[in-house]
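Each chain, written out:
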Amino acid sequence: MEIILDKEKCTGCGKCVESCPFGALELQNDLPKTNEECRLCGLCVKACPENALSLPEGAKKKKQRVKETRDIWVFAETRNGEIASVVYELLGKGRYLSEKLGQKLIAVLLGSGVEPQAQELLNYGADIVYVIDHPDLKEFNEKRYGAVLIDLLKTNCPHIFLAGATARGRSLIPQLAAALETGLTADCTALDVESETGLLLQTRPAFGGNIMATITCPDHRPQMATVRPHIFPKPQPLPGHKGKIIKVDIEKQLPDDLEVTSFIKTETEGPDLTEADIIIGVGRGIKGPENLKLIEKFAHLLGASIGGTRVVVDAGWLPARCQIGQTGLTVSPKLYIACGISGAIQHIVGIQSAKTIVAINKDPDAPIFNVADYGIVGDLFEVIPALMAEIKKRRGEEN
Amino acid sequence: MKYIVCLKQVPETEGVRINPETGTLMREGVKSIINPYDLYALEAALKAKEHYGGQIVVISMGPPQAEEALREAISYGADEAILLSDRTFAGADTLATSYTLAQAIKKIGNYDIIFCGKQAIDGDTAQVGPELAQRLNLPYATYVHKIGIKDNFLLVERNLDDGFQTLQLSLPALLTIVKEIGEPRVPSIRGKMRAKKVQIPVWTAQDIDAKAEKLGLSGSPTRVVKIFSPPSRGEKEIFTGKVDECVKKLYDKLENVLG
Ligand SMILES: Cc1cc2nc3c(=O)[nH]c(=O)nc-3n(C[C@H](O)[C@H](O)[C@H](O)COP(=O)(O)OP(=O)(O)OC[C@H]3O[C@@H](n4cnc5c(N)ncnc54)[C@H](O)[C@@H]3O)c2cc1C
Ligand SMILES: Nc1ncnc2c1ncn2[C@@H]1O[C@H](COP(=O)(O)O)[C@@H](O)[C@H]1O
Numbered sequence: 001m002e003i004i005l006d007k008e009k010c011t012g013c014g015k016c017v018e019s020c021p022f023g024a025l026e027l028q029n030d031l032p033k034t035n036e037e038c039r040l041c042g043l044c045v046k047a048c049p050e051n052a053l054s055l056p057e058g059a060k061k062k063k064q065r066v067k068e069t070r071d072i073w074v075f076a077e078t079r080n081g082e083i084a085s086v087v088y089e090l091l092g093k094g095r096y097l098s099e100k101l102g103q104k105l106i107a108v109l110l111g112s113g114v115e116p117q118a119q120e121l122l123n124y125g126a127d128i129v130y131v132i133d134h135p136d137l138k139e140f141n142e143k144r145y146g147a148v149l150i151d152l153l154k155t156n157c158p159h160i161f162l163a164g165a166t167a168r169g170r171s172l173i174p175q176l177a178a179a180l181e182t183g184l185t186a187d188c189t190a191l192d193v194e195s196e197t198g199l200l201l202q203t204r205p206a207f208g209g210n211i212m213a214t215i216t217c218p219d220h221r222p223q224m225a226t227v228r229p230h231i232f233p234k235p236q237p238l239p240g241h242k243g244k245i246i247k248v249d250i251e252k253q254l255p256d257d258l259e260v261t262s263f264i265k266t267e268t269e270g271p272d273l274t275e276a277d278i279i280i281g282v283g284r285g286i287k288g289p290e291n292l293k294l295i296e297k298f299a300h301l302l303g304a305s306i307g308g309t310r311v312v313v314d315a316g317w318l319p320a321r322c323q324i325g326q327t328g329l330t331v332s333p334k335l336y337i338a339c340g341i342s343g344a345i346q347h348i349v350g351i352q353s354a355k356t357i358v359a360i361n362k363d364p365d366a367p368i369f370n371v372a373d374y375g376i377v378g379d380l381f382e383v384i385p386a387l388m389a390e391i392k393k394r395r396g397e398e399n
Numbered sequence: 001m002k003y004i005v006c007l008k009q010v011p012e013t014e015g016v017r018i019n020p021e022t023g024t025l026m027r028e029g030v031k032s033i034i035n036p037y038d039l040y041a042l043e044a045a046l047k048a049k050e051h052y053g054g055q056i057v058v059i060s061m062g063p064p065q066a067e068e069a070l071r072e073a074i075s076y077g078a079d080e081a082i083l084l085s086d087r088t089f090a091g092a093d094t095l096a097t098s099y100t101l102a103q104a105i106k107k108i109g110n111y112d113i114i115f116c117g118k119q120a121i122d123g124d125t126a127q128v129g130p131e132l133a134q135r136l137n138l139p140y141a142t143y144v145h146k147i148g149i150k151d152n153f154l155l156v157e158r159n160l161d162d163g164f165q166t167l168q169l170s171l172p173a174l175l176t177i178v179k180e181i182g183e184p185r186v187p188s189i190r191g192k193m194r195a196k197k198v199q200i201p202v203w204t205a206q207d208i209d210a211k212a213e214k215l216g217l218s219g220s221p222t223r224v225v226k227i228f229s230p231p232s233r234g235e236k237e238i239f240t241g242k243v244d245e246c247v248k249k250l251y252d253k254l255e256n257v258l259g
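Quick note, the sequences are listed as chains D and W, same order. 1 is the number of the first residue of the first sequence in our numbering; add one for each residue after it. 1 is the number of the first residue of the second sequence in our numbering; add one for each residue after it.
Calculated from the structure, these hints are not laboratory results. There may be inaccurate statements among the hints.
Claimed, not checked - With a cut-off of at most 27 Å between alpha-carbon atoms, the simulated DSSO-like pairs for lysine-lysine come out as follows:
1) Lys392(D) x Lys236(W)
2) Lys197(W) x Lys47(W)
3) Lys253(W) x Lys355(D)
4) Lys197(W) x Lys234(D)
5) Lys244(D) x Lys265(D)
6) Lys253(W) x Lys393(D)
7) Lys355(D) x Lys47(W)
8) Lys248(W) x Lys362(D)
9) Lys249(W) x Lys392(D)
10) Lys236(W) x Lys265(D)
11) Lys248(W) x Lys334(D)
12) Lys297(D) x Lys393(D)
13) Lys138(D) x Lys146(W)
14) Lys297(D) x Lys334(D)
Source: prediction; values computed, not measured.
Using the sequences and the accompanying hints, generate a full structural model.
Structure (structure tokens):
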């Protein structure tokens, strides 16, 4: 299928060639000609001042054969208008995949007043950024975001689509996968691609992290995955990397069966647990809420966030959103310091992808020592103050 | 009001391991439980029923023994249970599961709220709920911890990574539920009696008018190509003895992160 040109109307002005983000149009004898890069996206049709171009019948509905799909897409999640840190991690990984496959890296940015952020996505390696900027997209709303993205994905049919395995990503992306009737792998911790087949190798923990599984999606496109934050490194910006920003208009009525009536940001001292570099985990061993003072001082010194076991949450010492484990959050900080935590499997599953686990427990047989990289057998009420003093001393700070 | 709760029977995570010789999953002798999040979903439905009246129907797709889980749900106070069980359902990923559940729910009909757990602890995908909502073309909210109904709208509060949203959904709608909804109640004596006697119908692919190519393994776009044990964590050291010595040694190991 090819773009249809009305030669009578065409003036050879070349506006279509400029409009094409894929370099799929050239002027030959003053007439535009498409090459194999054309995705029938229709941007040139809109750009033509003479209405000389049109999409072939059924181009939008065309069921793309698996071979014809192209490009690595990244969902540029925002929080309060700021790009979520996992997006940079995905751009880094996406760049690697796109270079391996010889395809483009495309970011898609939704929100209200988010357009200024698009340049940032180009700086970190996107070749194209689709921006859908609309007042009705101000608050994260699965139905509205879904409606916009489903249309965009149906028209462009990417080869791979990645999003962060954050609360927003894990809620929104399954809707897209169901609408496109394709596979979706949740919460991946490793990704690679086979250059010959173009198959995305998606690795994730299963059965509470006891097992790792590698999953592919051979016959459906896009290949979709959500990726656990904090696993891939944030890449360096690419100076001089050039790309295009494309604004996409919303032409249809957005759904109104789901309305966001308010958003209340939680005020915590450190970053969200899912984004924190250092987390201090507290268990029953801290004895009571009055001892959180000590933990807070420790957290402050390290710039850490505080989480805990179910026991601590059920006792009301920490709010429920701080629970880590099977019925709480999964975290992947650089450093997890477990203080007075026994190491029940239901807690461990939530911390397994931490880079380094340190345990402080007075019971040498506590199971937490089986998973810890480093540990101190001792009373946390002695160990923590001593450790704080040591840190201050080595940093050259006053005690 | 009619509430539907989607509930899955799962192996207790603790037991599942890989057989080091064959590289296959060892699930033998592992106890089956109701997915803990689905008990929160059931609890949410029971709370809704207390406030707004109505009937609770619990459904589960699984092998014949998943009937136990459904009986247990009846003991907690669900009114009816339906088991979706057919050889062709086996090997379903989330896309095929959501299709099967959607077909069954269409057959049940006339529902107001569908409750799912946040995620199932065997797969941890959290995808079935939103996929099911899309298939039924319903508004949905995930990570819900508070529910109310007013003027035919569902008002909910839900968690995001960095805060809380309050949402208004038109009915019917689908919710996925987290722990903060409140601990599940204990089954009553009356519930336990009912659970023993209640008839649990079994629906097959034919009963739910399902297309064979959308079910089970054939309806699942994803393939597991490899399973393996997680890599071991590398260097390891546990310090014992005098606290001052221990913290010095620990600091040396963590200098990059703590310094
Ligand atoms: C279905 C289900 C889901 C669950 N989900 C979760 C979940 O999501 N998250 C979770 O965390 N748990 C969960 N649990 C609970 C889990 O099984 C454990 O009960 C819990 O993690 C134990 O918490 P803890 O380590 O704080 O307490 P304990 O097991 O009581 O351990 C306290 C530890 O502190 C040590 N200690 C005491 N005093 C000191 C001191 N002065 N100095 C140093 N060490 C000290 C003790 O030696 C002990 O090892 C779940 C359980 C079930 C059944
Ligand atoms: N086989 C099943 N039968 C009934 N409900 C299910 C099934 N699988 C998943 N669910 C529901 O979907 C939720 C999310 O599951 P998952 O996407 O597998 O993590 C669960 O908490 C259940 O409410």
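Here is what the structure says about each hint:
no.: 1; hint: Lys392(D) x Lys236(W); in the structure: holds (25 Å)
no.: 2; hint: Lys197(W) x Lys47(W); in the structure: holds (24 Å)
no.: 3; hint: Lys253(W) x Lys355(D); in the structure: holds (13 Å)
no.: 4; hint: Lys197(W) x Lys234(D); in the structure: violated (58 Å)
no.: 5; hint: Lys244(D) x Lys265(D); in the structure: violated (33 Å)
no.: 6; hint: Lys253(W) x Lys393(D); in the structure: holds (16 Å)
no.: 7; hint: Lys355(D) x Lys47(W); in the structure: violated (41 Å)
no.: 8; hint: Lys248(W) x Lys362(D); in the structure: holds (18 Å)
no.: 9; hint: Lys249(W) x Lys392(D); in the structure: holds (15 Å)
no.: 10; hint: Lys236(W) x Lys265(D); in the structure: violated (39 Å)
no.: 11; hint: Lys248(W) x Lys334(D); in the structure: holds (20 Å)
no.: 12; hint: Lys297(D) x Lys393(D); in the structure: holds (16 Å)
no.: 13; hint: Lys138(D) x Lys146(W); in the structure: holds (23 Å)
no.: 14; hint: Lys297(D) x Lys334(D); in the structure: holds (20 Å)
Comparing the model with each earlier hint shows violations of hints 4, 5, 7, 10; every other hint is respected.
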